[in-house]
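Protein chains: 2
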Amino acid sequence: MYNVAVVGATGLVGREMVSILESRNFPVKSLKLLATSRSQGTIVQFKGQDIVVEEATPNSFEGIQIALFSAGEKGSKELAPFAVKAGAVVIDNSNAFRMEPDVPLVVPEVNEEKLREHKGIIANPNCSTIQMVVALAPLHRRFKIKRIVVSTYQSVSGTGREAVEELWEETKNILEGKPITPKVYPHQIAFNLLPHIDIFYPNGFSKEEMKMVNETRKILDDQSIKICATTVRVPVFRAHSESVNIETELPITPEEVREILSKAPGVVVVDKPEEAVYPMPIMAEGKDEVFVGRIRKDESIENGIVMWIVSDNIRKGAALNAVQIAESLIKLGLI
Amino acid sequence: MYNVAVVGATGLVGREMVSILESRNFPVKSLKLLATSRSQGTIVQFKGQDIVVEEATPNSFEGIQIALFSAGEKGSKELAPFAVKAGAVVIDNSNAFRMEPDVPLVVPEVNEEKLREHKGIIANPNCSTIQMVVALAPLHRRFKIKRIVVSTYQSVSGTGREAVEELWEETKNILEGKPITPKVYPHQIAFNLLPHIDIFYPNGFSKEEMKMVNETRKILDDQSIKICATTVRVPVFRAHSESVNIETELPITPEEVREILSKAPGVVVVDKPEEAVYPMPIMAEGKDEVFVGRIRKDESIENGIVMWIVSDNIRKGAALNAVQIAESLIKLGLI
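Read top to bottom, the protein sequences are chains A and B.
Every letter in the first sequence is one number past the one before it in the numbering used here, and letter 178, counting from 1, is 159.
Every letter in the second sequence is one number past the one before it in the numbering used here, and letter 297, counting from 1, is 278.
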């Protein structure tokens, strides 16, 4: 049994972490919930008990063995070192440490063994990266992926609770013929699309797009994979979807992909389009798996496959993956 | 001045055709509005006058010189031959004749000259194809496109008026906590995504996806271009968006693309992402142009560009392109 802390416990991901610790019966001895002073005093339920959220400070981590961070890049940079110093293993959901060479970037189904190299901090990858690598890793092992072209359809929950409220409010106002005033996003998101997630770099790609490039290479442990991503926010509350084209070294068929993915950990193949059966956000919401469908031969290259990948960005894309990392640490005797 | 008929005059596209004939001051001598018997008697305004919609029959086309069809594949197959026989030039918005070798498939900005080969029927391409080729044709001429990978984000207006109502009703019911019952689509479209447009073929691709492949090759008059499309319905009322990766024979830079497209007919470059300026459905709605942004170098191949293309599917994607074809026929003295 472990003393666990959740940092950012009142956010969408933090709350989901608490709920997943409970539903998976994670061996929690004590649970400490931390957040900014603004959320101090909030009550969160865990196994039928009220837990009062405390303000996260450098002194919050005494006795903590596992600290699940979902407090943004700034929060992680400020507080994670103190958690490590206090003896905790930090599993960090932010972008703060992902590309650090000595920080493992882990999706348990893909590269659990990397956990053995951790030095106190383990990074949880970006949501859109996680669901893609869960589906692509088994194919990379077998056929060697040379190139990935991906376009995403990302839900507002990836931005946080305020964005979920903004989509709801804007939609309501539009239906009632009232004016809208975007606050979280630079433009209306209801009934609209924004090809804009996070900041933009001088090369014209967004930070979200470059995360997909760099994190995928690190997780698949192959810097030779060529990747081009376009990330788009869509008026969907929950679950991210991805249209993914891969080019492989070895010949590849849709039948082989279906067979491999149907046995792959964490993947569910949902692929009977002629019966209108394919992955959709409303079906992935609240589920743990990565759903893959629309698997077909990309006839525009010699060895190519195109597919449609959907998963709950708050669960497998964030909170669940973090808890699974903690479970792997226990299983491997690393904690 | 011409005797014009609009077949399918009460549909989303038909009504837009009437409105565009008026706003562009098309030389209309007389306007006949035709539809199925169900819509017979409907009143549609044209230049301040009430026009009563008549039932479309084989005998409806006497004296008609230009017949704009937007009555679905079945309607076109049944009635277009009678219109041609009566001496009209048919501009058909359906899929009925697009791939017929002796039917020109025309986007005036791209291949207007093909109109000279017409034998009575001219096909208006599919909405998602039109906006893509308007942006890609100038690049193909200069750099020779070898391969296109496209993922679409298509609005419900592409399905028709009932789908627009379905998105509206479902959204309203969800906000009010009421149950929903999809009728037009096989699943909920509000706050959801359907990787499903039209029927599916045994190769796993949808008819909409194969239209993008086959029509693009025909319009660009180049069967060697390799194309892979994934078409997705999104909860947006109007305007289709596309994430497009191209690979070219010749070296290509984002600067060259921006320069060429900023001078290309029918294209507007909207590309300052760092200021949150990029094409979006709500900005393209009701506009005539094809908006292109997020233009960047696709680093995953030697000569590659990735971009984001948005246009009003009911205007440039359908009604406007049909009226522009009629204008080109007049300009070229073909009618």
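There's no promise every hint is true.
As the list makes no split between identical chains, a pair holds if one copy fits it or if it spans any two.
To be verified - Mimicking EDC-like on lysine to aspartate or glutamate, the simulated pairs with C-alpha atoms at most 20 Å apart in a straight line are: (1) Lys207 with Glu308; (2) Lys207 with Glu59; (3) Lys188 with Glu280; (4) Lys244 with Asp269; (5) Lys268 with Glu255; (6) Lys164 with Asp269.
Because the hints were derived from the structure by calculation, they are not lab data.
Since this is a predicted model, take the numbers as computed values, not measurements.
Unsatisfied constraints (hint numbers, rising): 1, 2, 5, 6
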